[in-house]
Amino acid sequence: MVPLNWYLLLSAAVFSIGVFGFLTRRNIIIMFMSIELMLNAVNISLVAFSHYLQDLRGQILVFFIITVAAAEASIGLAIIIALFRNKNTVHVDEMHEMKG
Amino acid sequence: MENYLLIPFLPFAAFLINILFGRAVLKEKAHWVSILAVAGSWVVAVMTLRDVLAGKTLNENVYTWILAGDFKVSVGFLIDQLTAIMLIVVTTCSTLIHIYSVGYMHGDNGYYRFFSYLSLFTFCMLMLVMANNFLQLYFGWEGVGLCSYFLIGYYFDKKSASDAGKKAFIVNRFGDFGFGLGIFVIFLNFGTTYYAPVFAQAGSLAAKSYNFLGFDVHLMTLISLLLFCGSIGKSAQMPLHVWLPDAMEGPTPVSALIHAATMVTAGVFLVARCNPIFSQSETALVVVALTGAITSLFAATIALVQNDLKRIIAYSTVSQLGYMFLACGVGAYTAGVFHLYTHAFFKALLFLCAGSVMHAMGGELDIQKMGGLRKYMPVTYVTMLIASLSIAGFPGLAGFFSKDEILWMAYSGSSPVGKIVWASGTLVAFLTAFYSFRLIFLTFHGKFRGTHEQEHHLHESPKAMTIPLMLLCVGAVAAGWVGIPALIGENIGIHNGIAEFMKPVLGHAEGHGTHGEELIVMAVSVVVGFAGIGLAWFMYMLRPDIPGKLTAQFSGVHKVLYNKYYVDELYSAVIIRPTIWTAKNILIGVTDAKVIEAIVNGVPAAIGGVSRQLRKIQTGLMHHYATIMAMGIFIIAALMLMRSW
Amino acid sequence: MEQVMTNTMGFPILSSLIFLPVIGAVVLLLLNRTNENLIKWVALLFSVGTFLVSLPLFSTFDKTTHAMQFVERHAWIPSWNINYYLGLDGISILFVLLSTLVAILCVLISWNSVKMKVKEFFISILIVESAMIGVFCSLDFFLFYIFWEAMLIPMYLLIGVWGGPNRVYAAVKFFLYTLVGSVLMLVGIITLYLYAGRTFDILALSKLILPYDMQFWLFWAFFAAFAVKVPMFPVHTWLPDAHTEAPTAGSVILAAILIKMGAYGFLRFSLPMLPEASRAMTPVMIGLSVIAIIYGGVICLAQTDLKRLIAYSSVSHMGFVTLGIFALNVQGMEGGILQMLNHGIVTGGLFLGVGAIYDRTHTRQIADYGGVASVMPVYASIFIVFTLASIGLPATNGFVGEFLILLGGFKASQWAGVLSATGIIIGAGYMLWLYQRVFFMETNQKVAGLSDIGARELAALLPMVVLIFWIGVYPTAFLGFMHESVRHLLERVSDGGVHGVSVAHNVLEILK
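Protein chains in written order, with my numbering: chain A, 1 to 100; chain B, 101 to 745; chain C, 746 to 1257.
FYI, nobody ran anything at the bench for these hints, they're computed from the structure.
Glycine is no exception: its CB is placed at the ideal position from the N, C-alpha and C atoms.
Careful, some of the hints might be misleading.
[Stated by the list, open to error] With a straight-line Cα cutoff of 27 Å, these simulated BS3-like cross-link-like pairs (lysine-lysine) come out:
1) B:K172 to C:K808
2) B:K127 to B:K563
3) B:K172 to C:K1156
4) B:K716 to A:K99
5) B:K603 to B:K156
[Said to hold, decoys possible] Per the computed footprint, the stretches of chain B lying under chain C, defined by three or more beta-carbons under 8 Å from a beta-carbon of chain C, are:
6) 279–288
7) 537–545
8) 696–702
Generate coordinates for the entire structure from the input sequences, incorporating the hints supplied.
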């Protein structure tokens, strides 16, 4: 029986990697993957707590998150492709259309 | 009497017909409608006079005009002695002048328009004199002002004419401002604006004082003076006289009807009508008397040196109106109204003769360019001579009796300024005789001084014009015979009819003097009249070089008089130009553009400025946002941890 | 006395009036945009139809009561206690009639002057008409607010799309000015709603007794909305711009109806709902009115632009209206209401007239005119009637209104009466000067050879002329509508702090 804390530590580690990746990398695809990492870190903790508390609602929620994440990933990637077609780059510093 | 409504509404119907169908249908036959209507009014007015002479009067409301809370006013009619005499003056002059206009305006392309305005004027004037309440009086008052505006500006494509019309209207509005306030004060104190109850209460409120704009003033004085403001404007008294000379831009029949015989006397009518109020206030009467005296003197001096035929007569009108106010101011309302009535005839006649001269001279108005017209236009000459004799106070003519009555009342009455205004009135009588005959001599005597072409065209006017002249001439001679003073009348068995007749409305002013004094006053006025005529004859017939020398010697005085004391220039500099300057440079330039718009545009501008600064936070770089987010999360987490400790 | 009288017409007349123009707009929407003639005729048909439907209001209105008439009431959003609640009393009825009339005239005068987006133009006019009628009929504050704001959108489009060269600036200015005021009013409405125990019922709110502090703040919140619409000094600067840039129909609607809504708001809301504050604020309101009268008038003397001059004269004339209303006596208030109507007729007429000549010359500069009376005599004689009514000549409607207002104003404050009366002199000055420069003097090259107005333009102008003399000679026909309502309103304002307690209590009882 693996204790809850280990799962939580794993989740925290994965989340931190995601944050670090998102903040340091400039390639938009890698940043996108980092976001996915963070999302999955949350999923890990949800499943862990669900098991620990013997409450299936946590796992149901995880299914929802995975579904939404899949949709979000596909839209996100579509946007990235559209951007790439227009700007011919995936480097975020060269995308500043939203500058005020 | 039952058909009294026909008196005003016949001319009104003529106005409607002419204005609607004149241009397309009636054209050069437009005068028929108007003349028939006005003549019809005259007939009914004469019948009404007969009834009033028989002692019948009438005060009747037709319908409620305005009703709001306790304020109620009707369209209503009052026919008494004063109204009756005004009806006769208005309809008689109006009818004759309508006929005269057929000849004078012949061939004008606004023919129908001219007659419709004349009829509208007659309607408004009749509504004015027949009103039984102040508000309807005000309706007629403004209505005649409007017609005067239209008719002065009849030749509207001339700038001077349209300027003059506008000026007349606006100057009158200054007077009406006071008049309107007077009506308010009357309503607030009497609770009504009908004459009858107001005049009935005037005595009981005689001692009342009233807080006006923070000052406690004598109520009757206040009302009288406010109403008198209206009179000053309408009757062209100082300081609102400036519009009347300019009003001569209108066609001459208009000058005769509106600016001599009827409309301008409305101010006198107002004072006479409100005599129960004015009589309660000695202050107000003194103001009226002095205004009249000063104006008459002032206008007469200007008339001495003018060269414009119509303007001389216009100043003479201002001066004679001053005479009427002088009479009212010394309490002799009957004398004032009597002079109004005689003046209507001889002054209308003077103007119509002037029109006849203009007609012959091809529109020329400068009397220095006339002369010797006597042999070309005998009828005009004779009638104008009689009118001038009448105004100069030649014994037996209309002007003599009314002028004498005024001077005697001023001399013998109880007014504190009676003697002063008598003296100034006598002086004015001299000046009047002088300038009237200066006009006659320069125009009709001597040699013709105009161009050769003008001389060739000189002719007597058509019958349509000369017949009204002759009829008015009868009036200028005989109109005064209804008011022969007791002094003379006793000996030949006639009594002063008009004074008796007007007594119920205007009261009876008592003179305090002996027959001897009365004879002296009369003799003085006759003598100064002859002296004036004689001086004019001396200066313009016998020694025509004198006027030029005098002008050269007193060039300063001449210039001031010739430029009418620079009153127009003064108003322009003190009122008109500063107002427009303020509007342009302060209200539009500063208040609206720099203050209000600055605030209105400033608030959005300030918001815009702040947001322009805030915008810089938005770099568009994703990692900036990410870093800030991360820092935010860190701070929130840190705060939560700190709190849980 | 009963508060409301049920509708005895047999059909919902007010709803018909509100929705008939909307139906017209929908029909126009479905038409082919290339068939401009059909569009114009359909627009005319619907506006005339609405006018005809509104005529029974005039004949069947019961003048002996202040109660609301032709009432319709349906629940709309019951959970918030919002109702579709319509009715008319002596104060509002005349404006409904004026709105339906003005809409016809606007359609007529725009017949040839609108060249682009004809369909959208007439749709806007019909929508505006519907909203105008709605504003005057609403007895539910929420419904009122919706109409009040709905009016802005088509008006904004009318100015911004079909206006003059500087139209966008003017449209945005107009929109922002009125919106800022309206938003403050919305806050006031919600405050009232919550305080009164969740009701938007205008009649119920008009019986409340509010604490003075609350009345004070609400008064200024409402003031923001109404004063901008009137427009009172110093929030008037949107009006000259909007009037100048708007197309003729837009100016006419603005002058005739839209700016009346501000004054109507004071009468319908500020005075009865906040009587104590209204009484206390009278000196301020009278002061602002007097300033507006003189300020607006003097500015007119220096204007060089035809429409701008008339716009500033509106500021001056609306000063008379607010002076009359806040004189808080019968003469002033009846004069004020009548003057609202008069100003709608006269200034509406002036703008119609200016529109007619602008179509020919395409210039608004006064200096470009001169001698028009020689070229267009019929037009000149109609225009002089508007001019004279504007300067308050007796026997025209302007006199009756201004006289009553000045009388009431003089009664309330002598200084106000005296100072405002100078506005009459100034008014004569600028209007006659304008008339002289446009119509008199030598014919300007730019106007030589213009054709006089035709039957269509005559049809647009004559109703106003008839109304001017009708009200001027027999004002009782119109004053009669308002006697009872004004009496009732003044009673409410004068003893709103004392007499109303029990009534307010009853209302609260009923609402529970």
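Hint check results:
1. B:K172 to C:K808: holds, 18 Å
2. B:K127 to B:K563: holds, 21 Å
3. B:K172 to C:K1156: Given that 27 Å is the threshold and the Cα spacing comes to 16 Å, the pair holds.
4. B:K716 to A:K99: With a Cα-Cα distance of about 8 Å, the restraint between B:K716 and A:K99 holds, given a limit of 27 Å.
5. B:K603 to B:K156: holds, 14 Å
6. 279–288: holds (count 5)
7. 537–545: violated (count 0)
8. 696–702: holds (count 3)
Violation of the numbered hints given earlier is confined to hint 7; every other hint is satisfied by the structure.
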